[in-house]
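Peer 1: From first to last, the protein sequence lines are chains V and Z.
Going letter by letter, the first sequence gives residues 8 to 147 in our numbering.
Going letter by letter, the second sequence gives residues 10 to 658 in our numbering.
Since the hints were derived computationally from the structure, they do not count as laboratory data.
One or more of the hints may lead you astray.
Claimed, not checked - With a cut-off of at most 20 Å between alpha-carbon atoms, the simulated EDC-like pairs for lysine to aspartate or glutamate come out as follows:
| no. | chain 1 | residue 1 | chain 2 | residue 2 |
| --- | --- | --- | --- | --- |
| 1 | Z | 12 | Z | 460 |
| 2 | Z | 615 | Z | 588 |
| 3 | Z | 517 | V | 125 |
| 4 | Z | 11 | Z | 72 |
| 5 | V | 122 | Z | 432 |
| 6 | Z | 69 | Z | 43 |
| 7 | V | 38 | Z | 119 |
| 8 | V | 122 | Z | 523 |
| 9 | V | 141 | Z | 653 |
| 10 | V | 128 | Z | 117 |
| 11 | Z | 120 | V | 11 |
| 12 | V | 38 | Z | 30 |
| 13 | Z | 116 | V | 125 |
| 14 | V | 22 | Z | 85 |
| 15 | Z | 120 | Z | 30 |
| 16 | V | 84 | Z | 30 |
| 17 | Z | 243 | Z | 296 |
| 18 | Z | 519 | V | 125 |
| 19 | V | 84 | Z | 229 |
| 20 | Z | 388 | Z | 432 |
| 21 | V | 84 | Z | 513 |
| 22 | Z | 118 | Z | 182 |
| 23 | Z | 413 | Z | 559 |
| 24 | Z | 427 | Z | 200 |
| 25 | Z | 427 | Z | 460 |
| 26 | V | 135 | Z | 117 |
| 27 | V | 22 | Z | 523 |
| 28 | V | 38 | Z | 321 |
| 29 | V | 135 | V | 101 |
| 30 | Z | 116 | V | 13 |
| 31 | V | 142 | Z | 653 |
| 32 | Z | 516 | V | 79 |
| 33 | V | 22 | Z | 650 |
| 34 | V | 22 | Z | 539 |
| 35 | Z | 240 | Z | 327 |
| 36 | Z | 243 | Z | 226 |
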Amino acid sequence: MTKDFEPTIVAFLCKWCSSAGSDLAGVSRMKYPPNVIPITVMCSGSVSPLYIFNAFQKGADGVLVSGCHPGDCHYIKGNFYARRRIALVKELLDFIGLESERFKMSWVSAAEGTKYTEIIKDFVKELKPLGPQKKLRRDQ
Amino acid sequence: MKKRIGVFVCHCGINIAGTVDVDKAAKKLAEHQDVEHSVDYVYMCSDPGQNMIKEAIKEKKLDSIVVSCCSPTLHESTFRKAAKEAGINEFQCEIANIREQCSWVHKDKEKATEKAEKITKSAVERVAKNESLEPIGFPVTSRALVIGGGIAGIQAALDIADSGYEVILVEREPSIGGHMIQLSETFPTLDCSQCILTPKMVEVSKHPNIKLMTYSEVQEISGYVGNFNVKILKKPTYVDPDACTLCDDCTEACPVVVPNEFDLGLTGRKAIYIPFPQAIPATFTLDIKNCPGLLPIACGKCADVCEPDAIDYDMEPEVVEEKVGAIVVATGFEQYDKEKMKEYGYGKYPDVLNGLQFERLLSASGPTQGKVLRPSDHKEPKEVVFIQCVGSRDPELHCSYCSKICCMYTAKHAMLYKHHVPDGQAYIFYIDIRSGGKNYEEFVQRTTEEDGVVYLRGKVSKIFEENNKITVWGVDTLTGKEIEINADMVVLAMALTPSKNSQELAKKLKLSTDKDGFLAEAHPKLRPVESITSGMFLAGAAQAPKDIPEVVAQASGAAAKAISILSQEQLFHSPMVAEVNETLCTGCGMCIDVCPYEALSLEQGKAEVNRVLCEGCGTCSATCLRAAVKVKNITPGQIFEMIDASVGG
Ligand code: FES
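Produce the entire structure from the sequences given, and follow the hints as far as they go.
Peer 2: In structure tokens, the structure reads:
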């Protein structure tokens, strides 16, 4: 089953770095799997844990939050808050028994199209053996 | 209330339509309950495309639209304007990025189409809950800050000041002039560098609109476009410039000799010094790092001999606060770290010089008054080897980029060397000759035809000292022959790197840098002098290596951009700011603690937003436990709908 399984990923990208970085991947015509749907937010610091859980509840197999490199946040310190929150989310996922590998945080600058591409490729690869996420999924 | 949404899917020629079935996507979106109208078109951004949108808005009575096209960084403003022209609020237009984030990165048409549909649907869900908003106006401080007093900063400061705005020009060193003041003559005209720069330096010092702050550093910046607050550290020079008569008695009395930075260590200077005779401001600086101590017991000789009593050991560092509306960053370059170039014997053999040192040797104001002499024994070198691309174009070991100016200045070095030593021989090792620029190619030709400079295509493999000569081993890749030259002097065209501390400054200013540490422009083609932060502009080699005319052009460009801000009475700020729901707010104050802009405060037990200070980052909304604060038009409610659309629920 896992062989044909294509995970669905929701990616919260901050507008200033990661979304711009993913734009650069496009401009450079890099290729990565289409499993990821980007949602551009103002800053990684605006990603509430509720967004992450909501995505899992709606049936996402993986969630990515990507922001500017620590210290480079367009809003000075949003990504520091994100980083702290994300550590808690990971623990909480472990606690409730959902593989915490399903959730990822990355730092991608506006110049790092290649890095974004690699992150998506790797994430898809890591999610495949885990199979569909059912634990938090609300039956629709 | 149910909205009447229009969806417009762009083909972008085949850029999108090549990978996404645009027709299918438009039809799919038409099924959405809030979508009244959904079409595709070859170029939405074209005039007919925009007209089509405007007509549809009127005819179908649309109250909001989604354009599915390229990144919002490109055409969001185009389509928002079109929406406004058709009579709907500009914030009722959202962009679904199906090009950079979809069609360009995928190959499988079916999957890409599915993804494009989801991205578009997500934008539809968002716009369905968008509010109509009006930009927030705020006043502008019409003064500018220019950081860096090299030719870039000087030009930018003069241009802004000439337009009638006040400028604060901050320079880290004791004098303005940057690297250009160190140069001998400039290619391709052989203008004397000091002769063309010093008039500009004098103009800066005399300009009524320029406040010059040398020996100063930007310490902290806060605020936003139009209203930046800057803290500038004025380091103590221990000399009162108004009292100093430039008599020079202090330097004679000073017992300390250290390498002179202006001559790149080819000469020495005292701990109290003037960097060079034409320095602006014309005054001495006591370099505290090398001074034996400010207490009269430690030394005190300079103060003893200073007749006008200009030396003040009690001078303290001072922090000056200034308000400005726009900032030009022109922090320049430096040569590649010599520690990394040991293989060429730089720093080991006194007669292996870098390009700037050779400039000093050629300069009439240099350590040898313009005579080319070997630092080791002061003899005239009869054979000189110039090596290009030292550290440049070497992705494995050094810098991957081309430093751009070295081909030209090496040709100039060889030519000027021949003018000084007509019976000498100059060799240039090169990889390629890059002489793009007005009259540049002709200049290079002149070096070979008139001055008999020998160009050798190839890399140098080894340099070592032997019998008072510097032996250079290399290969001429055109003939395939190994070459050995017993030279008297070797000059290395070192790669250019961003100036030290520029990384630190970039952090303070929130400017991004590229992989090599140069300041990143907002768009490589179309916004080359703007940074990603609005109100901050880039000029000169801090952005990338470039030659003087390019630096001057870019500096004038940056100045014009700054003026376009300073000349506004009001600027407008995105109305996508935080908003507090007073019923839900309990006044816990958590949002106030996390706000990076101090835009939130507690008023009568409830959080309140200052709309001008708020940048809309949303950190508050992710922090609030009661969902009492949200950013307009990107609320948690909207995000949940967007997630729903993305996951396909
Ligand atoms: S804006 Fe990118 S993380 Fe804050």
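Peer 1: All hints are to be evaluated individually against the structure, with a verdict given for each.
Peer 2: Each hint tested on the structure:
1. 12(Z) - 460(Z): violated, 77 Å
2. 615(Z) - 588(Z): Within the cut-off at roughly 12 Å; holds.
3. 517(Z) - 125(V): Violated: residue 517(Z) and residue 125(V) sit about 30 Å apart, past 20 Å.
4. 11(Z) - 72(Z): Holds - the C-alpha atoms of residue 72(Z) and residue 11(Z) are around 10 Å apart, at most 20 Å.
5. 122(V) - 432(Z): Judged against 20 Å, a Cα distance of about 55 Å means the pair is violated.
6. 69(Z) - 43(Z): Status holds; Cα separation ~13 Å.
7. 38(V) - 119(Z): holds, 15 Å
8. 122(V) - 523(Z): holds, 14 Å
9. 141(V) - 653(Z): It holds: about 16 Å lies between the C-alpha atoms, which stays within 20 Å.
10. 128(V) - 117(Z): holds, 15 Å
11. 120(Z) - 11(V): holds, 14 Å
12. 38(V) - 30(Z): Given pair residue 38(V), residue 30(Z) holds - Cα atoms ~18 Å apart, limit 20 Å.
13. 116(Z) - 125(V): holds, 17 Å
14. 22(V) - 85(Z): holds, 13 Å
15. 120(Z) - 30(Z): Holds, because 10 Å separates the two Cα atoms, which is no more than 20 Å.
16. 84(V) - 30(Z): violated, 41 Å
17. 243(Z) - 296(Z): Measuring from Cα to Cα gives roughly 14 Å; hence the hint holds.
18. 519(Z) - 125(V): The hint is violated at about 26 Å.
19. 84(V) - 229(Z): holds, 15 Å
20. 388(Z) - 432(Z): Holds, at roughly 14 Å.
21. 84(V) - 513(Z): holds, 16 Å
22. 118(Z) - 182(Z): violated, 58 Å
23. 413(Z) - 559(Z): holds, 11 Å
24. 427(Z) - 200(Z): holds, 17 Å
25. 427(Z) - 460(Z): Answer holds: residue 427(Z) to residue 460(Z) is near 6 Å, not above 20 Å.
26. 135(V) - 117(Z): holds, 19 Å
27. 22(V) - 523(Z): Cα-Cα ~18 Å, so holds.
28. 38(V) - 321(Z): Distance of about 65 Å is beyond 20 Å: violated.
29. 135(V) - 101(V): Holds. Residue 135(V) to residue 101(V) sits at ~19 Å (cutoff 20 Å).
30. 116(Z) - 13(V): At roughly 16 Å apart (the allowed maximum being 20 Å), residue 13(V) and residue 116(Z) satisfy the hint.
31. 142(V) - 653(Z): holds, 17 Å
32. 516(Z) - 79(V): holds, 7 Å
33. 22(V) - 650(Z): OK: residue 22(V) and residue 650(Z) at ~19 Å, within 20 Å.
34. 22(V) - 539(Z): Holds. Residue 22(V) to residue 539(Z) sits at ~18 Å (cutoff 20 Å).
35. 240(Z) - 327(Z): Between residue 240(Z) and residue 327(Z) the Cα gap is close to 10 Å, so the pair holds against 20 Å.
36. 243(Z) - 226(Z): holds, 7 Å
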